[in-house]
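Trainee: The primary structure of each chain is shown beneath.
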Amino acid sequence: MSQIEGEKKLDLLITGVGGQGAILASDIIGKAAVVSGLPIRAAETHGMAQRGGSVVNHIRLGTDLGSMIPKKGADVLLALEPMEAVRYLDFLKDGGVIIVNTQPIIPVTVTSGLAKYPDVQEILDVLSEKYIVKAFNADELASEAGSRLAMNVAMVGAVSGYLPIPKEILIESVKALVPQKTIEINVRAFEMGRRKVEES
Amino acid sequence: MTTREYMLGNVAIARGLLEGGVQVATGYPGTPSSEIIDTLAARKDRDYYIEWSVNEKVAMEVAVGAAWAGVRAVVTMKHVGLNVAADPFMTLAYAGTKGGLIAIVADDPSCHSSQNEQDTRRYAQFALVPCFDPSTPQEAKDMLPYAFEFSEKFEIPVIFRPTTRISHGKSDIELGEIPTEKSAPHFEKLLDRWVMLPKNARPRHTHLLSIQQPMEDALAESPWNSLELKPDATFGVIGAGIASVYAKEALQELGLEASFLKIGTYPVPKKLILELLETVNAVLIFEELEPVVEEQVKMIAQEASLPVLIMGKTGGFVPREGELDISAFLEALNKAFDLDIEPQKRSIPLELAPRPPALCAGCSHRATFYSMRKVFGKDAVYPSDIGCYTLGIQSGTVETTLCMGSSISIASGLYHAGEKRPICCSIGDSTFFHTGMNSLLNAVFNKANITVTILDNRITAMTGHQPNPGVGFTVTGEKTVEVSLANLCRAMGAGSVVVVDPYNLEEIQEAFKAAKDFEGTSVVIAKQPCVISEKRAGIRRVPYIVDPEKCEGCKQCVKFGCPAIEFDEENKCAVITALCSGCGVCAQICKFEAIREVKR
Numbered sequence: 001m002s003q004i005e006g007e008k009k010l011d012l013l014i015t016g017v018g019g020q021g022a023i024l025a026s027d028i029i030g031k032a033a034v035v036s037g038l039p040i041r042a043a044e045t046h047g048m049a050q051r052g053g054s055v056v057n058h059i060r061l062g063t064d065l066g067s068m069i070p071k072k073g074a075d076v077l078l079a080l081e082p083m084e085a086v087r088y089l090d091f092l093k094d095g096g097v098i099i100v101n102t103q104p105i106i107p108v109t110v111t112s113g114l115a116k117y118p119d120v121q122e123i124l125d126v127l128s129e130k131y132i133v134k135a136f137n138a139d140e141l142a143s144e145a146g147s148r149l150a151m152n153v154a155m156v157g158a159v160s161g162y163l164p165i166p167k168e169i170l171i172e173s174v175k176a177l178v179p180q181k182t183i184e185i186n187v188r189a190f191e192m193g194r195r196k197v198e199e200s
Numbered sequence: 001m002t003t004r005e006y007m008l009g010n011v012a013i014a015r016g017l018l019e020g021g022v023q024v025a026t027g028y029p030g031t032p033s034s035e036i037i038d039t040l041a042a043r044k045d046r047d048y049y050i051e052w053s054v055n056e057k058v059a060m061e062v063a064v065g066a067a068w069a070g071v072r073a074v075v076t077m078k079h080v081g082l083n084v085a086a087d088p089f090m091t092l093a094y095a096g097t098k099g100g101l102i103a104i105v106a107d108d109p110s111c112h113s114s115q116n117e118q119d120t121r122r123y124a125q126f127a128l129v130p131c132f133d134p135s136t137p138q139e140a141k142d143m144l145p146y147a148f149e150f151s152e153k154f155e156i157p158v159i160f161r162p163t164t165r166i167s168h169g170k171s172d173i174e175l176g177e178i179p180t181e182k183s184a185p186h187f188e189k190l191l192d193r194w195v196m197l198p199k200n201a202r203p204r205h206t207h208l209l210s211i212q213q214p215m216e217d218a219l220a221e222s223p224w225n226s227l228e229l230k231p232d233a234t235f236g237v238i239g240a241g242i243a244s245v246y247a248k249e250a251l252q253e254l255g256l257e258a259s260f261l262k263i264g265t266y267p268v269p270k271k272l273i274l275e276l277l278e279t280v281n282a283v284l285i286f287e288e289l290e291p292v293v294e295e296q297v298k299m300i301a302q303e304a305s306l307p308v309l310i311m312g313k314t315g316g317f318v319p320r321e322g323e324l325d326i327s328a329f330l331e332a333l334n335k336a337f338d339l340d341i342e343p344q345k346r347s348i349p350l351e352l353a354p355r356p357p358a359l360c361a362g363c364s365h366r367a368t369f370y371s372m373r374k375v376f377g378k379d380a381v382y383p384s385d386i387g388c389y390t391l392g393i394q395s396g397t398v399e400t401t402l403c404m405g406s407s408i409s410i411a412s413g414l415y416h417a418g419e420k421r422p423i424c425c426s427i428g429d430s431t432f433f434h435t436g437m438n439s440l441l442n443a444v445f446n447k448a449n450i451t452v453t454i455l456d457n458r459i460t461a462m463t464g465h466q467p468n469p470g471v472g473f474t475v476t477g478e479k480t481v482e483v484s485l486a487n488l489c490r491a492m493g494a495g496s497v498v499v500v501d502p503y504n505l506e507e508i509q510e511a512f513k514a515a516k517d518f519e520g521t522s523v524v525i526a527k528q529p530c531v532i533s534e535k536r537a538g539i540r541r542v543p544y545i546v547d548p549e550k551c552e553g554c555k556q557c558v559k560f561g562c563p564a565i566e567f568d569e570e571n572k573c574a575v576i577t578a579l580c581s582g583c584g585v586c587a588q589i590c591k592f593e594a595i596r597e598v599k600r
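Read top to bottom, the protein sequences are chains A and B. Number 164 in our numbering belongs to position 164 of the first sequence; there are no gaps in the numbering. Number 100 in our numbering belongs to position 100 of the second sequence; there are no gaps in the numbering.
No incorrect hints appear here.
Just so you have them, the derived chain B footprint on chain A, three or more residues with Cβ under 8 Å: (1) 26-32; (2) 82-88.
Using C-beta positions, here's what the derived DEER-type ranges look like: (3) B:Gly-493 / A:Gly-146: 53 to 61 Å; (4) B:Asn-334 / A:Gly-146: 47 to 55 Å; (5) B:Gln-509 / A:Thr-182: 39 to 47 Å.
Everything labelled a hint here was simulated from the structure, so no lab data went into it. All C-beta atoms in this analysis are idealised placements derived from N, C-alpha and C, irrespective of residue type, glycine included.
Could you build the full structure based on these sequences and the hints that come with them?
Mentor: What follows is the structure, given as structure tokens:
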């Protein structure tokens with residue numbers, strides 16, 4: 001198990017806000033990895049920190065050691081929220097790929113006037129200076145697919161082209177993990193997310 | 001053929017307990033340990049007894065009873081829980097066990113969701129019991145059947161200490177067999193073992209000391225410790241538990257020739273440490289939290305008169321606080337051996353808004369705190385406790401948080417010290433049952449003039465919605481008595497006890513006014529189910545909206561701090577988002593009647 005082909009190794013960081021479904025997104029990838037025979041390690045945020053707070057998931061495909069991605073180690077950053085894309089940049093490789101949902105979630109620190117939310121376009125401009133950025137509004141895309149709640153699955157679709165896991169296995173994993181009656185919507189959201197990145 | 005499954009560390013730990021033939025499982029919820037009992041409870045084909053106990057001391061004692069009856073038992077908790085259970089645990093080490101007994105105590109370096117960072121390996125040393133320190137979720141699962149056998153062989157309880165990244169890490173896990181044969185319970189009346197009179201305790205202490213070396217020898221031979229000597233290496237690395245995988249990965253990436261000792265059990269394998277020390281000039285010790293291994297290595301080196309440079313937490317090579325990672329190992333290597341490894345921080349020209357966790361939209365605690373503050377005012381003192389409601393710090397009504405159950409006793413202490421301002425403390429339902437009851441009894445008995453607010457959200461919410469004696473069902477969903485908080489408080493002698501609905505601001509504020517004026521210990525029970533459990537139970541309330549015509553932009557509703565209320569700066573008007581759960585409290589706050597239910 002320790003001999004892993006180079007191209008089958010990928011470190012992915014998923015960032016977002018508690019409640020957005022980062023854990024489900026990472027579970028879809030994790031389950032698919034096991035089915036396709038890849039060793040996988042992942043780490044996630046639990047407990048008090050998930051109540052609307054900033055969350056980060058580490059996913060390491062093709063690794064049989066620890067679950068924590070080293071700083072400047074992630075190949076791809078999947079951000080479910082624009083400001084959260086910036087918060088964990090230390091983990092991304094120079095020249096790495098960022099796939100970002102442009103729909104902001106305003107924290108209570110901003111609504112109560114204690115802090116300011118940075119301009120989304122400015123975030124994208126700053127990120128684009130050093131990284132490859134794929135940005136789109138995944139909330140709207142998921143709505144088009146049938147439910148805003150499918151945003152996390154649309155984002156998994158968006159990152160799917162970078163993963164060393166066949167698309168069909170990922171879709172099977174989506175079907176196995178989302179609620180029964182939302183399978184169709186989620187599969188559609190996955191496909192739409194994937195196409196969005198392929199086309200850009 | 002082997003079966004591999006993708007699972008959470010705590011699910012893997014639960015699986016390990018099954019593979020070890022667990023017969024009784026108890027625990028008290030605490031992040032990061034809670035999912036172990038949750039997972040075992042959710043199994044349909046259960047052939048073991050399982051419970052959420054009211055606190056860790058009780059959970060420990062129930063597990064001890066089971067182990068004394070000769071069956072395999074486990075008790076789970078988080079690191080601070082062992083402080084609560086320390087009383088039985090320290091003496092249990094003397095008495096020992098018959099059936100295997102594992103105390104799973106999850107540590108939380110970096111305080112991801114804890115009030116301190118204590119290192120449970122210290123407790124193991126203190127109690128003279130062995131400790132298992134897994135480095136990966138797979139190893140955690142594999143260690144548990146071994147730990148049961150070890151416990152039975154030496155007739156001693158063992159500690160199993162995962163850390164946050166083991167408990168909440170995920171991994172592909174290779175599964176083993178679950179045994180079908182289990183021991184039949186039989187309590188053997190060994191009075192010199194189970195009755196810790198001084199006359200019995202003294203020889204048991206001698207016995208406990210006498211098995212230290214045999215236990216260490218057995219552990220040194222176990223698969224959880226391993227030494228890789230590189231023939232040309234002049235320095236070595238010792239990694240303990242999860243820190244060993246960070247060190248190993250960094251060494252592999254750098255391609256450094258270093259001898260490597262991985263430690264997964266305590267007492268530490270002295271033989272292996274000595275073997276390493278004899279072949280190198282210097283060692284770097286990488287372990288999370290306290291310098292437990294480092295101290296042992298220094299003693300071993302000194303006893304053997306080996307002139308090896310030993311580097312770790314003392315000397316500042318490895319931080320003594322916080323969680324470790326690969327970067328921390330690289331920094332330590334840099335400092336220890338002057339390697340030229342590039343720094344890994346970058347600066348971003350953007351000011352980010354902090355995103356702290358907050359009480360959920362519609363959480364009844366926010367409404368309770370709002371009313372508490374309205375009635376008791378800025379000048380009052382607000383001791384609080386451990387749970388979701390600690391986030392009420394944002395409402396200005398959480399001014400102390402020490403440990404579970406302490407809010408009421410801290411309030412009493414403030415009062416007896418002569419504090420003249422009104423004192424209103426808050427505690428959750430589960431925390432009240434945990435250790436708050438003792439404190440209320442003490443407050444009443446010693447005539448503390450304070451107000452105790454019990455935030456009864458009908459569940460233990462923070463750790464993932466575990467039942468407690470107030471909710472009417474057990475861990476497996478079976479119906480049981482629903483203990484009345486109000487009757488309990490009255491039975492303990494509280495002079496004024498009222499139950500109110502925190503969503504009704506007028507009602508709860510009247511109750512707070514009466515409690516404030518009451519001479520003696522008064523109790524206000526703010527009862528309203530957790531919004532998350534309500535949503536899961538399929539209960540939907542009608543959401544609210546702001547009428548922009550009527551909104552004057554006064555921001556009173558925004559200041560309430562509900563995540564569902566935003567302010568539209570352009571139109572100078574409040575906006576309620578899709579997060580609204582329909583509690584209706586903001587509508588009662590608005591002076592201009594600008595907030596109303598969405599018409600169906």
